[in-house]
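Trainee: Can you make the complete structure from the sequences, with help from the hints?
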Amino acid sequence: MLELKDIYKYYNPGTVNELCLFKGFNLTVKEGEFVSVVGSNGSGKTSMLNIICGSIPIESGSILLDGKDITREKEFRRNGKIGRVYQNPALGTCPSMTILENMSLADNKGKTYGLRRGTNKKRIDYYRELLRPLNLGLEDKMYVKVGSLSGGQRQAMALLMSTMTPIEFLILDEHTAALDPKTAEIIMQLTDTLVKEKHLTTIMVTHNLRYAVEYGDRLIMMHQGTSVIDRAGAEKAALGIDDILSKFNEISIECGN
Amino acid sequence: MDFFITILEQGFIYGILALGVYITYKILDFPDLTTDGSFPLGASVTAALISRGMNPYLTLPVALLAGALAGICTGLIHVKGRVRDLLSGIIMMTALWTINLRIAGTSNVPLFSKETIFKNGFLEGLLPEGLLPYRTILVILLLTLVTKLILDFYMSSQSGFLLRAVGDNDKLVTALAKDQGNMKILGLAIANGLVSLAGCIFCQEERVFEISMGTGAVVIGLASVIIGTSLFKNLTFMKATTAVILGSVIYKACTAIAMRSFEPQDMKLITAVLFLIVLLISMDRKKKVKTHA
Numbered sequence: 001m002l003e004l005k006d007i008y009k010y011y012n013p014g015t016v017n018e019l020c021l022f023k024g025f026n027l028t029v030k031e032g033e034f035v036s037v038v039g040s041n042g043s044g045k046t047s048m049l050n051i052i053c054g055s056i057p058i059e060s061g062s063i064l065l066d067g068k069d070i071t072r073e074k075e076f077r078r079n080g081k082i083g084r085v086y087q088n089p090a091l092g093t094c095p096s097m098t099i100l101e102n103m104s105l106a107d108n109k110g111k112t113y114g115l116r117r118g119t120n121k122k123r124i125d126y127y128r129e130l131l132r133p134l135n136l137g138l139e140d141k142m143y144v145k146v147g148s149l150s151g152g153q154r155q156a157m158a159l160l161m162s163t164m165t166p167i168e169f170l171i172l173d174e175h176t177a178a179l180d181p182k183t184a185e186i187i188m189q190l191t192d193t194l195v196k197e198k199h200l201t202t203i204m205v206t207h208n209l210r211y212a213v214e215y216g217d218r219l220i221m222m223h224q225g226t227s228v229i230d231r232a233g234a235e236k237a238a239l240g241i242d243d244i245l246s247k248f249n250e251i252s253i254e255c256g257n
Numbered sequence: 001m002d003f004f005i006t007i008l009e010q011g012f013i014y015g016i017l018a019l020g021v022y023i024t025y026k027i028l029d030f031p032d033l034t035t036d037g038s039f040p041l042g043a044s045v046t047a048a049l050i051s052r053g054m055n056p057y058l059t060l061p062v063a064l065l066a067g068a069l070a071g072i073c074t075g076l077i078h079v080k081g082r083v084r085d086l087l088s089g090i091i092m093m094t095a096l097w098t099i100n101l102r103i104a105g106t107s108n109v110p111l112f113s114k115e116t117i118f119k120n121g122f123l124e125g126l127l128p129e130g131l132l133p134y135r136t137i138l139v140i141l142l143l144t145l146v147t148k149l150i151l152d153f154y155m156s157s158q159s160g161f162l163l164r165a166v167g168d169n170d171k172l173v174t175a176l177a178k179d180q181g182n183m184k185i186l187g188l189a190i191a192n193g194l195v196s197l198a199g200c201i202f203c204q205e206e207r208v209f210e211i212s213m214g215t216g217a218v219v220i221g222l223a224s225v226i227i228g229t230s231l232f233k234n235l236t237f238m239k240a241t242t243a244v245i246l247g248s249v250i251y252k253a254c255t256a257i258a259m260r261s262f263e264p265q266d267m268k269l270i271t272a273v274l275f276l277i278v279l280l281i282s283m284d285r286k287k288k289v290k291t292h293a
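Line order of the protein sequences matches chains D and X. Mapping the first sequence onto the working numbering, position 2 (from 1) lands on 2, and the numbers just tick up by one. Mapping the second sequence onto the working numbering, position 73 (from 1) lands on 73, and the numbers just tick up by one.
Note that these hints are calculated values from the structure, not bench results. Just so you know, nobody snuck in bad clues.
Listed below are the simulated DMTMM-like cross-link pairs for lysine to aspartate or glutamate, each with C-alpha atoms no more than 20 Å apart in a straight line:
#: 1; chain 1: D; residue 1: 74; chain 2: X; residue 2: 170
#: 2; chain 1: D; residue 1: 121; chain 2: D; residue 2: 139
#: 3; chain 1: D; residue 1: 121; chain 2: X; residue 2: 152
#: 4; chain 1: X; residue 1: 171; chain 2: D; residue 2: 107
#: 5; chain 1: X; residue 1: 239; chain 2: X; residue 2: 29
#: 6; chain 1: X; residue 1: 171; chain 2: D; residue 2: 174
#: 7; chain 1: D; residue 1: 74; chain 2: X; residue 2: 179
#: 8; chain 1: X; residue 1: 80; chain 2: D; residue 2: 75
#: 9; chain 1: D; residue 1: 145; chain 2: X; residue 2: 29
#: 10; chain 1: X; residue 1: 171; chain 2: D; residue 2: 75
#: 11; chain 1: D; residue 1: 109; chain 2: X; residue 2: 179
#: 12; chain 1: X; residue 1: 171; chain 2: D; residue 2: 73
#: 13; chain 1: D; residue 1: 81; chain 2: X; residue 2: 179
#: 14; chain 1: D; residue 1: 111; chain 2: X; residue 2: 179
To give an idea of the chain X side of the interface with chain D (calculated C-beta under 10 Å), a few residues:
#: 15; residue: 154
#: 16; residue: 161
#: 17; residue: 165
#: 18; residue: 169
#: 19; residue: 171
#: 20; residue: 173
Glycine residues also receive a C-beta, built at the ideal position from the N, C-alpha and C atoms.
Mentor: Structural data, given as structure tokens:
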């Protein structure tokens, strides 16, 4: 279970551009929940993910993971239990290393990176089995550099790599936004399969309202650092794209757009 | 014949330096000017130890460690102090000038009458009579080969993978729950350790420590790396480390040939012009604009 308690976050504090994004923001994500987060640009979706992962500091408040306070824990330490996929497919893989080397790197997460051989030959077949269901032909390109793969192929790898080792939390930061509609669909289905298979607690930020409605068991809509819609379970299932869109319009009118 | 052997000797010594520059420039994507200070650091440590009568072979690990320490300092300045990469190197390079002078005692330490890794009783007893004239090149070849093999082994290890990842995409290293800053420091330590080792061997080959011997070391290293990696990039079976060492030999051959028709004081100008030519031919500048993003 993840808890954000009374979070305060300012951007450019002490300057004329000071901007208060979160003012006493609270969020609780239960074990095994799949939360979709929507909202306009600047509503605080990505900032929320960055705060959870420790990529940006907060002014006050606390972050609890399974009851343990991780507010002061460094980003790389938190990542031991968190897997994250970014919008940019290049951020989840190493372009100058081969598929095999990338998979081996991810496979070793949580252990020490010592002087043993970087690739374990016995694991190669296992990596192939992981790549095969993607139907992207990656299992036959084990010795190809990831830099020469397409965005969709890289994103599929990034997703596999971030969920390869046991993690408690999966953070998806608009991970289908840079992909074409067909590839986005494949990645989204892969996400759903992985999340269900491994019972991962997931937060997915997306601009695709259909994905937000179709996937996940809870939906949050953010606006100016607060959640304006928060539905879970049957209430979420009853929610349609039109409901979210009308709320979007309502907010836009308030903002004078 | 002597001309070729000298080229090979210098080429292989600078090959070790080029391996260090390869780590910072190609793998970490870190323009590390510490090189200009850590090369004479290895030499000054060696001069100080040998003139105090220490076994010359012990200077190799000591120089390696001294260089690694310098690299760690650059890394700490950059990672913990958040100083830009280029400036961190310049700071250390400047500081090392004084440190090198302090270690060596003066700006010029001749080692002509001392035992070195190339000239000592042990080596003379070991090698057959016929090979003695070639002992310098043999020892250098052995040292370069061993260094290369150890580096190859490291690069294919888990830690080596992580080092390659940090220059490629440091976010991924963070995602793997490892401190990317520490990996950068480790990379700088290894790189400067190698550079300092090259300085140690070079000083014993030349039989003199000279405070200004490091000036331009980074340029020579970069030129070797760029020649090696761009000349042999289509030979996929060749390891980058091999290519870099061969690049260093080619570069040394070019300078040696050019120097035949110039005065010794033209050396640095030729170094710079050759580097420029290498850059223009290889068009490596374009690659620095990251095509992936």
